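Asker: Chains A and B, in that order, give the protein sequences. With the first letter of the first sequence counted as 1, position 48 gets the number 48 in our numbering; the numbers rise by one all the way through. In short: position in the second sequence from 1, add 1000, done, that's our numbering.
Since the hints were made in silico from the structure, they are not lab data. The hints are all genuine.
Sample of chain B residues at the chain A side, in silico, Cβ under 7 angstroms:
| # | residue |
| --- | --- |
| 1 | D1071 |
| 2 | A1072 |
| 3 | A1073 |
| 4 | S1074 |
| 5 | I1075 |
| 6 | T1076 |
| 7 | G1079 |
| 8 | T1138 |
Every beta carbon over 10 angstroms from chain A, so not counted as near; a handful from chain B, in silico:
| # | residue |
| --- | --- |
| 9 | T1095 |
| 10 | W1148 |
| 11 | D1152 |
| 12 | V1169 |
| 13 | A1174 |
| 14 | G1183 |
| 15 | M1184 |
This one's a predicted model, so the numbers in the text were calculated from it and none came from an experiment. Note that beta-carbon positions come from the ideal geometry of N, C-alpha and C, so glycine has one too.
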Amino acid sequence: MSELDAHALAVEVPAGWEGRIFRRAEAGEARMASAAVQMGVPAVAGASAPPGEKTMPLVHLATVPLPHDAADYGAGIVETLGAGDAFVVLKEFDAAEAGEAIFEREGIPRDIDPDVFDPAALQRRLPNQAGTQVFFHEASRAFCLYAVLGDYARRHEVVPRINEVLATVRIEPRVQEGPTD
Amino acid sequence: MVLAVVLALVSVLVAGLLRSHAEILRSLHGLGVDLDPDAAVPTLGVTVPRPTARSEPRVAVDIVGITPTGDAASITVVGAQHSTLLAFLTSGCSTCVEFWNAFSEPELRIPGDARLVVLTKGQEAESPARLRKFMPPTVPVVMSSAAWDAFDVPVAPYFAFVDGPSGAVVGEGAAGSWLHLVGMMEQALADAGMSTKRKGRRRAENGRAREARADRDLLSAGIEPGHASLYPTTDADLSGGS
Chain A
1 MSELDAHALA VEVPAGWEGR IFRRAEAGEA RMASAAVQMG VPAVAGASAP
51 PGEKTMPLVH LATVPLPHDA ADYGAGIVET LGAGDAFVVL KEFDAAEAGE
101 AIFEREGIPR DIDPDVFDPA ALQRRLPNQA GTQVFFHEAS RAFCLYAVLG
151 DYARRHEVVP RINEVLATVR IEPRVQEGPT D
Chain B
1001 MVLAVVLALV SVLVAGLLRS HAEILRSLHG LGVDLDPDAA VPTLGVTVPR
1051 PTARSEPRVA VDIVGITPTG DAASITVVGA QHSTLLAFLT SGCSTCVEFW
1101 NAFSEPELRI PGDARLVVLT KGQEAESPAR LRKFMPPTVP VVMSSAAWDA
1151 FDVPVAPYFA FVDGPSGAVV GEGAAGSWLH LVGMMEQALA DAGMSTKRKG
1201 RRRAENGRAR EARADRDLLS AGIEPGHASL YPTTDADLSG GS
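Input sequences plus hints: build the corresponding full structure.
Answerer: Given below as structure tokens:
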């Protein structure tokens, strides 16, 4: 088990899982390597944001390899999930939204009921897969937790493993970060 | 007559050279160096440390650390279904520059269809700002001195090829160029009885790249902006029916 800690978020990643805590580059932000600029692809994981968009931290956790260019909600990852696999994303939104009704729930869910997973609750419907999405606030920060199972039929086996990981997530009050350069 | 004198002089010269050569060889032999190519076992008077063969392969470890952009990442190496090529690079060594450049090539092919991960030392020994100038667009770069320690990295650039399912390091060593490294890896894979096939690494596409590719594909299929198929109005439109 290894601990990831960045952007005032932390999580213990169990053996067999991969994880990353990252923030996409904002348009024009000097987080891209010169080679990446020439190729028009991001050196920072994921695509850079459109002009004017403020980027927020993301946590990706999965029992499969995390490709460098995966989308926020796992496009590029969920396609590779096997029957016993899982993908979890913790996506932060602007703290100003933490008081909005959609983020009314307080605290990250740490004990998800396997039966709340639904094949219809996927950002992108794929055969046998199921997902769940929960919005919440914690430490004056607004988040969406989204989890995907490789196989809905094995939810009672896989969801407890997701809950074990969620039990280790720490969300601290966020200190305003400056540009990387 | 003159020819005989010249021949005699040359003979004396050659004899002198041969004697001198023999004396040099005897002197070197006395120092413990045997230059005889037919010698059964080359001997060296000076003890040079040589790599010692491990009775068992080194077992790899998973990777965890921060990235040069201040993010955090953990990467599964042991127990993975794929092999992993770990490249230990620095932002300062001139030889490393070739590898940083090679790893930025979109069509880079890794023997054994391995996943490539670059490992640098941690923030206490590396400059994130310098590393950001070298970071390949589609290869993860993790800063972890612990990983360098775990693999006993003696020099940079250094490489370790890990078989995912077993977690065993099937090949490791230093290399001076990408081609040199590829040769070493293919040899190590062959020795380990593993496939040396090289697949192209899928080039990452960001949103704009995906959009451009989709546009090209649609145009090549004769679907231009405003095409009726882009605006389905019935279930039959969606299912492609008539």
